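Trainee: Here's the letter readout for the chains.
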Amino acid sequence: MATPDRVSYWNKTKSLMFTMLGLWVFFGYVIHMFVEQLNTIVIFGFPLGFYMAAQGSLIAFVVMLFWFARRQNAIDEEHGVHED
Amino acid sequence: MANTTSTTAGGGDFTSNLGRIYGIYTGGFIAFIILMAVLSAMGVENVVIGYLFMGFTIVIYAVIGVLSRTMHVGEYYVAGRRVPALYNGMATGADWMSAASFIGMAGSLYLLGYDGLGFVLGWTGGYVLVAILVAPYLRKFGAYTVPDFLSARYGGNLARFIGVIVLFSCSFTYVVAQIFGTGLISARFLGIDFNVAVYVGLAGILVCSMLGGMRAVTWTQVAQYIVLIIAYLIPAIWMSTVKTGIPIPQLMQGQALANITALETAQGIAIHHITPFAHGGYDAKNYFLLILCLMVGTASLPHVLMRYFTTPSVREARVSVAWSLLFIFILYFTAPAYAAFAKWTMLDLVASGLTPENIAEKAGWMMRWAAADNTLVQICGKAATDTAAIVAACGEKGVTALSFADINLNADMIVLATPEMAGMPYVISGLVAAGGLAAALSTADGLLLAIANALSHDIYYKMIDQNAPTSRRLIVSRILLVMVAVLAAYVASTKPSDILSMVSWAFSLAAGGLFPALVLGVWWKRANSAGAVAGMIAGFGITLFYLVMTQYGADFDKATPNMELWWGVKNISSATFGLPVGFAVMVIVSLLTRAPSRAMQDFIEEIRVPRGKQMMEEKTA
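Just so you know, the sequences run in chain order G and A.
Letter by letter, the first sequence follows residues 1 to 84 in this note's numbering.
Letter by letter, the second sequence follows residues 1 to 621 in this note's numbering.
Among the clues, some could well be false.
Computed from the model, here is a short list of chain G residues facing chain A with C-beta under 8 Å [stated by the list, open to error]:
(1) Val30
(2) Ile31
(3) Glu36
(4) Thr40
(5) Ala54
(6) Leu58
(7) Gln72
(8) Asn73
(9) Glu83
Hints listed in this document are in silico derivations from the structure and should not be mistaken for laboratory results.
Source: prediction; values computed, not measured.
Think of the CB as a built atom: it goes at the ideal place given N, C-alpha and C, for glycine as much as any other residue.
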């Protein structure tokens, strides 16, 4: 089962997973730790720190997920383990 | 999956015409709203409009439910595994967005300002974990239920049984909150007593889920999503247009925030809406822990995960997670705007010079809500049922001019009351009520089905009678569904807590109990049966212990003093303790006991790649 190709497939899948996890930590937590500093920047009436929690991070999550579905599918096809 | 498609009448026709069917449905619903507006303008009474809105939508759901009835196991449990990614996304959106999102969230954002955004973040970001860690792998395995996976991965019925216990606890807590929500709506808009109203809501829930299982629930949920999103967007767009002239509430929220801050300053309110970590006891620690528990809970809740069992392939399951979040996002990035416009409206109302004598005239809606339930609107600390009551309560406190802080609105009523607050015609109130009902019903359907499936499939079929014929399994499932639903309605009628807290507890219970076993089951081959069982018991046990002890105490009485919070962590984030303990116990016990067999390691290898047959094949006849 653990052919070299499978090992490389799983390594790529894992690194994509960790990339996503990193982005998730950034948009889910790290950016909101600087809310007070970000709030000093105001765009269209939005304090930026408030904006990130109300909309910014959410947009990032949605974009990340569509990107992930495409990326993972490309990895599947590259290694010939996609579904028919 | 060709073997499952042929047996259902018109199934293929239906799935290829989905766009047209739901297009016509949406047009019909909009026509219905216009008809209601016309009737209302012609002088039909408000309560009649309320009945028509709720009655009409429930009838639609029931019709879909009846048309999708099935006696086929694969259809009943996983909708035949041929729900396209986009529609599954929409159904997941409705499954996900419950009374807490629709009714509770914007209300909490109104009260908590920035700190309420923890709910917005927590209930969206979790889908990242669903997509990258769990859902595609469970789809490849081909389970009917989440405990199915636990049993296959951790060899045997002990892991399955503990999985069922966790599933039951979190889903039941969650469903109680939904029935509570339907009761609240029925009480206000149909004018019936709350204790009766919860059972009325229950009837609405049962017609959708009982006959057709997952198949019926899927197609009603798509219909419910359309109702709830229209109902949520219209009032927000309305307020934005009236207040700013531009019908994009999400964008104009910036202007609303600037005005809120200015009005707050003028009225001497020290803690601003936008000030972080300052409302309702949410310090930075509780804010981030809540986000963590909600996100991890998302990736562990069985009624959400099981939606991804219905897609035709692993690939579609991944895309479907992205669609789900997009559909959820549409409501979630509107909620803060909804809250901001409502708060702006209220601050304006206060600025117009409110006194105990004139409030009944300026804001009669408060009296109507106070009459529906005396905890919903309090002015000067007492139920605001009429002018006399308000004048008396304020006179005692020596209040002559009402300030923003004197008016205490319950979080669960703000969304439902906003149309009246902002002076919209009653049709919009009826629409919002129908939307709230759709949100509560759709989630309750998904939850009850998850519970009934676990009891009938995992307990009855897999653990008690492996030879039970299909028809008996499905009948058992339906009977259990009704029993659980009635029990939940009874608990809801006792008003255990507010909607948002009950739902957050469900997330913590799921996170503490299931997350380590699910994630390590896919990502760590060394995880074994003993480790998983010990980890689930420890993680779930600690979470439940903390929750019960801090909420009710050892004597199960809310009124007497309860256990002190540990390090000040609120009990809606109970998984703060269960999660690390669950992971640690699972890893340590796994390492101390024997590694999983060669066959099990091959099994895990197989789950990790999309190609190949799904692993669990079920006899479907």
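Trainee: Could you tell me which of the hints above the structure violates, numbers in ascending order?
Mentor: Hints 1, 2, 4 are the ones this structure does not satisfy, whereas the remaining hints hold.
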